[in-house]
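This is what each chain is made of:
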Amino acid sequence: MYVLRRLPSLLATLFAVSLLTFLMTSLLPGDPALQILGAENATPEAIAAVRADLGLDDPLPVRYLHWIGDALTGDFGRSYRTNEPVSAAIIDRLPVTAEIGILAIVIALLIAIPVGMLSAYRAGTRTDKLISSTSFGLLAVPNFMVAIFLILIFAVWLGVLPATGWVNFTDDPVQNLRSALLPALSLAIAEMAVYTRLLRTDMIGTLQQDFVTMARVKGVSNRRILFRHALRPSSFSLMTVAGVQVGAIIGGSVVIETLFALPGVGRLLLEAVLVRDLLMVQGVALVIAVSYVVVNFTVDILYSYLDPRISHGRSTARV
Amino acid sequence: MDAVRQEFDPPPTAHGSTAQGEMTTPAPNLGAPHPGAPDSAGPVNGGAVTAVGGEAAPAARKKKRGYGLTFWLATIWLAVVLICAVFADLLPVQDPLTPDVINKLALPGPEHWLGTDGLGRDTLARLVHGARVSVTISVTAVAIGMVVGGFLGIISGFFRGKTETILMTIINIILAFPALVLLLVLLAFVGRSLVVISLIVGFLSIPIYTRVARATTLAVAEREFVRAARTMGAKNSRVLAREILPNVVLPVAAFGLVAMGVVIVLEGTLAFLGLSVQQPAPTWGGMIFDGKRYLSEAPHVVLIPSIAMFLTVLSLNLVGDALRTRFDVRGSNL
Amino acid sequence: MTTAPPLDGRANEPLLEVDDLRTYFDTPRGVVKAVDGVSLRVDRGKTLGIVGESGSGKTVLSRSIMNLLPKNNTIREGSVRFEGRELTTMKNKEMRTIWGAELAMILQDPMTSLNPVTKIGEQITESLGIHLGEKGKTAKAHAVELLKSVGIPAAERRLGEYPHQLSGGMRQRVTIAIALACGPKLLVADEPTTALDVTVQRQILDLLETQQHERNMGLIIITHDLGVVAGRADEIAVMYAGRIVERAPTRELFARTRMPYTEGLLKSIPRLHQPSHTRLAAIPGRPPDLVDPPAGCPFAPRCNYAQDKCLTETPVLAPHAAGHEAACHFPVGTSAGQEALARNLAAGRTAAGTPLDSTMTATAGAA
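Residue numbers (the working numbering), protein chains in the order written: chain W, 1 to 319; chain G, 1001 to 1334; chain F, 2001 to 2367.
Hints may contain errors.
Label-pair restraints from in silico Cβ distances [stated by the list, open to error]:
hint, chain 1, residue 1, chain 2, residue 2, range
1, W, Thr125, F, His2277, 37 to 45 Å
2, G, Gly1109, W, Thr125, 23 to 31 Å
3, G, Leu1073, W, Leu302, 41 to 49 Å
The following residues of chain W were derived to be distant from chain G, with all beta-carbon distances above 10 Å [to be verified]:
hint, residue
4, Thr21
5, Val50
6, Val62
7, Asp75
8, Gly77
9, Glu84
10, Ala88
11, Asp92
12, Leu118
13, Ala140
14, Leu152
15, Asp171
16, Val174
17, Leu279
18, Thr298
Simulated from the structure, these hints should not be mistaken for laboratory data. Here a beta-carbon is modelled for each residue, glycine too, at the ideal position from N, C-alpha and C.
Start from the sequences, fold in the hints, and give me the full structure.
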């Protein structure tokens, strides 16, 4: 099975990523013990005690093993700042980031697919040129800029959507969606542009293929050709790209959550970094990195399953 | 950075980019081959006419398009930005740091051509000096990335074998890690001066350039003239310098141009996170961040630096894309 | 070639009538005259072979007849009548009732003719659904029948497979099955065997012939290979530079070739009985640029018989025998032609400047 063959590579990557995360935070200047105690309480004995307690004097490999061992059981330690367990903080915030990210991709696809198809179908016409120029232009607009403009229009001028704040889905679904809309949209705009351009290029190529001519000459309607014949091969490329774009969304969520004051994982990371909350940084960074690797892996597997050209690659029956 | 990577590594079936909607083939209109493309007939084989003298199809030759108006406008804007960056101190603008609180949040007028910000500082001056930050960071970061990453990519693509495997494994691991996390941590712990930011971003972008350079090198090394040179006994160093390098530099540089836009945006993002160059030094990202709180009363404070940033990134994209289409090794028919 | 008896009163009407069809493309380089005045006729149950090299315009001709070309930058004149109905003015909506149901087409490369990510069964049942209204089990059973009729073993299993799981020959059979699914009256086969192995080529051509007889279909085979149509077409039209330059019933064409281009094509077919290392008799040069073709016969630069007249006056199709037309001022096998050839041989070059000697005019395989 394809999954089994790819599994070792996945595990190796996860290991490497966790190592990188650990090294990243452990090799930084500054003494964590000092951070925890604060300058006033930093007597040599206190420092030594904290260091022993956290195992900071152990050799690096040992520290790594301790950390990763704990992490695998879900124990990421406690935040210096709030003393809450890191894992609790992450679990609390992950759904927010995930919801925004997923919403962003969904919105982007919902718009990009018809627009991209239209652009490809009418390639070379004014419609197409307009769409292409617009998506090219949108690529140059940073997500925080989009966010600001959206806030300006919808929160300040029109007053229909909130500029900050978050309501949990479980508390009030409608309000939840209202608070998620602008952030998701801010992320979605850039995604939209990427998907539209990709789909357009891909479909133009597909539409020139012989099988499209053959479909036409079977008497199939244009719409059916677009959606059922041409879109299918192109959708696989879209899927791959969407997977890669998750990285961009993760990066974007840090800014967007900060801008909109959302209780998400991105903002958690940022705050932890700014106050040098080492264990929190390590934990959150690990979770983010692992999610990213796993998502890409999943997309990879899905792609190989769904695209018949690949999944049947080995099992051809040649008569 | 991921967005940039995305632009260059299109999935298998994508057919190359077209800059800004410029079509090189007319509308396919569902099916029929265009006469510009060679006849779909197969090779002329035994039993039919053997056309002595090569290709029979009277295909329309690929027209070398001149650079359009938008290209030149973009170049001009970039030149303006560059001049501002380099000669900021010499230009006849006001002092970007002097507050003029009475006149704060002023609209563009005779005294302050682009208005003032929340502390009454002249926007135009801050914009001009901010260009310096944007240009420095983007040029330094991209230069580091291109030189180091390009070098690594070329040698891994040229020598293949173990070198390539080891290098690319490391690169892929680094790329598997969301770059922003690394960036945030490094910046927060190491420092926030202009130099530090440029260096860190530069180093973090090396893996992407390695990948790009390798891909281009692979494509070039397969081409006939390189094989010919090697068969004639040219030493590796010679082949690298005379055949590979000139052909790899251009596509990578085109990619680098687009990457500069990404870095400029990155500075803006960092400003929003409080991790950009220390205040009160003016940066475009910082100006946008500062202006956000006045969004309802004086949106122009945010709008003006936003437009400047947008135009710069757009111009970089336009120029980079146009150059890429022109020099993309993988697309040409040599 | 025996044909089934006529099925209805319209049997004597031509199935397809093409009248002075012109198809020009407006390109940045100029107007490409891909099809420059072609007239054809195909009857029910008959096979027409259109022969020409790359660049002769035969692919554009097939697309033009089928009304498949893009509307922009395309100039079309002339008429294409299918069972008396004018196709050139039809809108897509109306064409869709004809495409698949009455007119069908198969293309050269079966790998690209089939949607790589859709199952075979679905690709067949699609037309069944559109034209015959068949769905579900009925459609599936019909699809199995079709696959069997084109000689695909284990038809049931094939329905659920994807194109890349079949060999090239199998795939082409599938495209034929799809094309014939709704019983069209005319099938246009554009280079149906070019992408296939030689051994498979014959099977496919045999299949086409069988199907044609069973259904009393009109068949147009477009190819660059005279050998493909030699034993199978009732009539052959030779195309060059967007025009038909010779047209005759098959036997007549081979026996009394008139156009030097056709002669060249015939000569270039290597024969088994020739000794090894016999030089391949090729026609030198290449087809002309279809943008603003020069005056005179388009074949003149490559023709052994070329005279001054050929450089200035474009020959028109003139009748030579029953059903045999050729466009040539100095046709092969006529006294005018022989004299022209002799003159050129003596001068060592043709009027167009092409060098000429007796080795080039030796008939290959004459023994």
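Now for the hints, and whether the structure bears them out:
1. For the pair Thr125(W) and His2277(F), the beta carbons lie near 57 Å from each other, so the given range of 37 to 45 Å is not met.
2. Gly1109(G) and Thr125(W) have their C-beta atoms about 44 Å apart, which leaves the hinted 23 to 31 Å range violated.
3. With their beta carbons about 43 Å apart, Leu1073(G) and Leu302(W) fall inside the hinted range of 41 to 49 Å.
4. The claim that Thr21(W) lies off the interface is violated: its Cβ sits roughly 8 Å from the closest Cβ of chain G, which falls inside the 10 Å cut-off.
5. The claim that Val50(W) lies off the interface holds: its Cβ sits roughly 19 Å from the closest Cβ of chain G, which is beyond the 10 Å cut-off.
6. No Cβ of chain G approaches the Cβ of Val62(W) within 10 Å, the least distance being about 22 Å, so the stated non-interface status holds.
7. Non-interface status of Asp75(W) relative to chain G is upheld: no Cβ of that chain comes within 10 Å, the nearest being about 21 Å off.
8. Against the 10 Å criterion, Gly77(W) stays outside the reach of chain G, whose nearest CB is about 17 Å from its own CB.
9. Non-interface call for Glu84(W) relative to chain G: holds, since the shortest CB-CB distance, roughly 21 Å, exceeds 10 Å.
10. For Ala88(W), the condition that its CB be more than 10 Å from all CB atoms of chain G holds, with the nearest at approximately 20 Å.
11. For Asp92(W), the condition that its CB be more than 10 Å from all CB atoms of chain G holds, with the nearest at approximately 19 Å.
12. Here Leu118(W) stays apart from chain G, with its beta-carbon at least about 12 Å from theirs, past the 10 Å limit.
13. Not every CB of chain G is more than 10 Å from the CB of Ala140(W) (nearest about 4 Å), against its label as outside the interface.
14. The beta carbon of Leu152(W) is not kept farther than 10 Å from every beta carbon of chain G, the shortest such distance being approximately 6 Å.
15. Against the 10 Å criterion, Asp171(W) stays outside the reach of chain G, whose nearest CB is about 28 Å from its own CB.
16. No beta-carbon of chain G is positioned within 10 Å of the beta-carbon of Val174(W); the least distance is around 25 Å.
17. At the 10 Å boundary, the C-beta of Leu279(W) stays outside the reach of chain G, the nearest C-beta of that chain being 13 Å off.
18. Residue-level check passed: Thr298(W) sits 14 Å from the nearest beta carbon of chain G, beyond 10 Å.
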